[in-house]
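Protein chains: 2
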Amino acid sequence: MTTERGREVGACKKVDDGITRVFQLLGKRWSGQIVAVLIDGPAHFAALRRSIPGISERMLSDRLTELGAVGLVVREVAEGPPLRVTYRLTEVGAALEPALHELAQWAKAYLLGQPPGGAAPRD
Amino acid sequence: MTTERGREVGACKKVDDGITRVFQLLGKRWSGQIVAVLIDGPAHFAALRRSIPGISERMLSDRLTELGAVGLVVREVAEGPPLRVTYRLTEVGAALEPALHELAQWAKAYLLGQPPGGAAPRD
Chain A
250 MTTERGREVG ACKKVDDGIT RVFQLLGKRW SGQIVAVLID GPAHFAALRR
300 SIPGISERML SDRLTELGAV GLVVREVAEG PPLRVTYRLT EVGAALEPAL
350 HELAQWAKAY LLGQPPGGAA PRD
Chain B
250 MTTERGREVG ACKKVDDGIT RVFQLLGKRW SGQIVAVLID GPAHFAALRR
300 SIPGISERML SDRLTELGAV GLVVREVAEG PPLRVTYRLT EVGAALEPAL
350 HELAQWAKAY LLGQPPGGAA PRD
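Residue numbers (the numbering used here), protein chains in the order written: chain A, 250 to 372; chain B, 250 to 372.
It should be emphasised that the hints constitute simulated quantities derived from the structure, not laboratory data.
Please note that the accuracy of each hint is not assured.
[Unchecked claim] Calculated lysine-lysine pairs in the DSSO-like style (CA-CA distance at most 27 angstroms, straight line):
id, chain 1, residue 1, chain 2, residue 2
1, A, 277, B, 262
2, B, 263, A, 263
3, A, 262, B, 277
4, A, 262, B, 357
5, B, 263, B, 277
[Said to hold, decoys possible] Across the chosen pairs, the derived CB separations fall in these ranges:
id, chain 1, residue 1, chain 2, residue 2, range
6, A, 328, B, 315, 46 to 52 angstroms
7, B, 308, A, 331, 43 to 49 angstroms
8, A, 325, B, 303, 46 to 52 angstroms
9, B, 358, A, 315, 18 to 24 angstroms
10, A, 343, B, 361, 17 to 23 angstroms
11, B, 334, A, 343, 26 to 32 angstroms
12, A, 328, B, 357, 36 to 42 angstroms
13, A, 358, B, 308, 24 to 30 angstroms
14, B, 333, A, 295, 52 to 58 angstroms
15, A, 266, B, 308, 18 to 24 angstroms
[Claimed, not checked] Simulated coverage check for chain A against chain B, where a stretch passes if three residues somewhere in it have a Cβ under 8 angstroms from a Cβ of chain B:
id, segment
16, 264-275
17, 280-287
18, 292-306
19, 341-349
For every residue, glycine included, the Cβ atom is placed at its ideal position computed from N, Cα and C.
Isolated chain A, as found in the complex (with noise of 0.2 angstroms):
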């Protein structure tokens, strides 16, 4: 068993609490896509929804209450007429950036143009 053990290196550790929580956080469908689009700066709420082609005005609503609730997200009210509502990210939130950007990067090498159900192993 310790010959098998060593050759296996994702065999005796858990995985990292950290990732475990990013994609709990972000995992949640439309999460990281608004995160992604508040990164470039704030929004009003209809045009964060406009930003997201699919996304319901409910879903919006939830999923910036949630990132909210985690401290991602804060939502502002600017005194009317008209009255307007704007979301940006804390500093929290865009802390973020340098890995959505490697995320984006690695996308961009390795899904985008790649026929639908899988870019194809290289090696």
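Could you slot chain B onto chain A? The hints should help.
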């Protein structure tokens, strides 16, 4: 509307296609964690399951099949006895390492050690 538009950086652009694809792929429950474990090296099914607390055998099997179909993971069978099946990342899967590293760093800096329910905004 023109001045309004100028103030909303996120208003006129669509979310990055790559980011959308990445979260479709890794946003599914467990997928990100499976890739994160395999970044450390190939693993047998049972070892992989032990590394990810809470995952069921069925779910791990389904996710590995999906990650295989999109070219991130390969399944290798070593002739027995005992016959052993190993999973490892392809070059495409392994190329996620910098992005997963950034996500883990972010989680370490901002999520771990925070009280449940939220990383307090710092600004």
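Hint check results:
{"no.": "1", "hint": "A:277 - B:262", "result": "holds (22 angstroms)"}
{"no.": "2", "hint": "B:263 - A:263", "result": "violated (37 angstroms)"}
{"no.": "3", "hint": "A:262 - B:277", "result": "holds (22 angstroms)"}
{"no.": "4", "hint": "A:262 - B:357", "result": "holds (17 angstroms)"}
{"no.": "5", "hint": "B:263 - B:277", "result": "holds (22 angstroms)"}
{"no.": "6", "hint": "A:328 - B:315: 46 to 52 angstroms", "result": "holds (49 angstroms)"}
{"no.": "7", "hint": "B:308 - A:331: 43 to 49 angstroms", "result": "holds (48 angstroms)"}
{"no.": "8", "hint": "A:325 - B:303: 46 to 52 angstroms", "result": "violated (37 angstroms)"}
{"no.": "9", "hint": "B:358 - A:315: 18 to 24 angstroms", "result": "holds (20 angstroms)"}
{"no.": "10", "hint": "A:343 - B:361: 17 to 23 angstroms", "result": "holds (18 angstroms)"}
{"no.": "11", "hint": "B:334 - A:343: 26 to 32 angstroms", "result": "violated (42 angstroms)"}
{"no.": "12", "hint": "A:328 - B:357: 36 to 42 angstroms", "result": "holds (39 angstroms)"}
{"no.": "13", "hint": "A:358 - B:308: 24 to 30 angstroms", "result": "holds (29 angstroms)"}
{"no.": "14", "hint": "B:333 - A:295: 52 to 58 angstroms", "result": "holds (55 angstroms)"}
{"no.": "15", "hint": "A:266 - B:308: 18 to 24 angstroms", "result": "holds (19 angstroms)"}
{"no.": "16", "hint": "264-275", "result": "holds (count 11)"}
{"no.": "17", "hint": "280-287", "result": "holds (count 6)"}
{"no.": "18", "hint": "292-306", "result": "holds (count 8)"}
{"no.": "19", "hint": "341-349", "result": "holds (count 6)"}
Checked against the numbered hints above, the structure violates hints 2, 8, 11; every other hint is satisfied.
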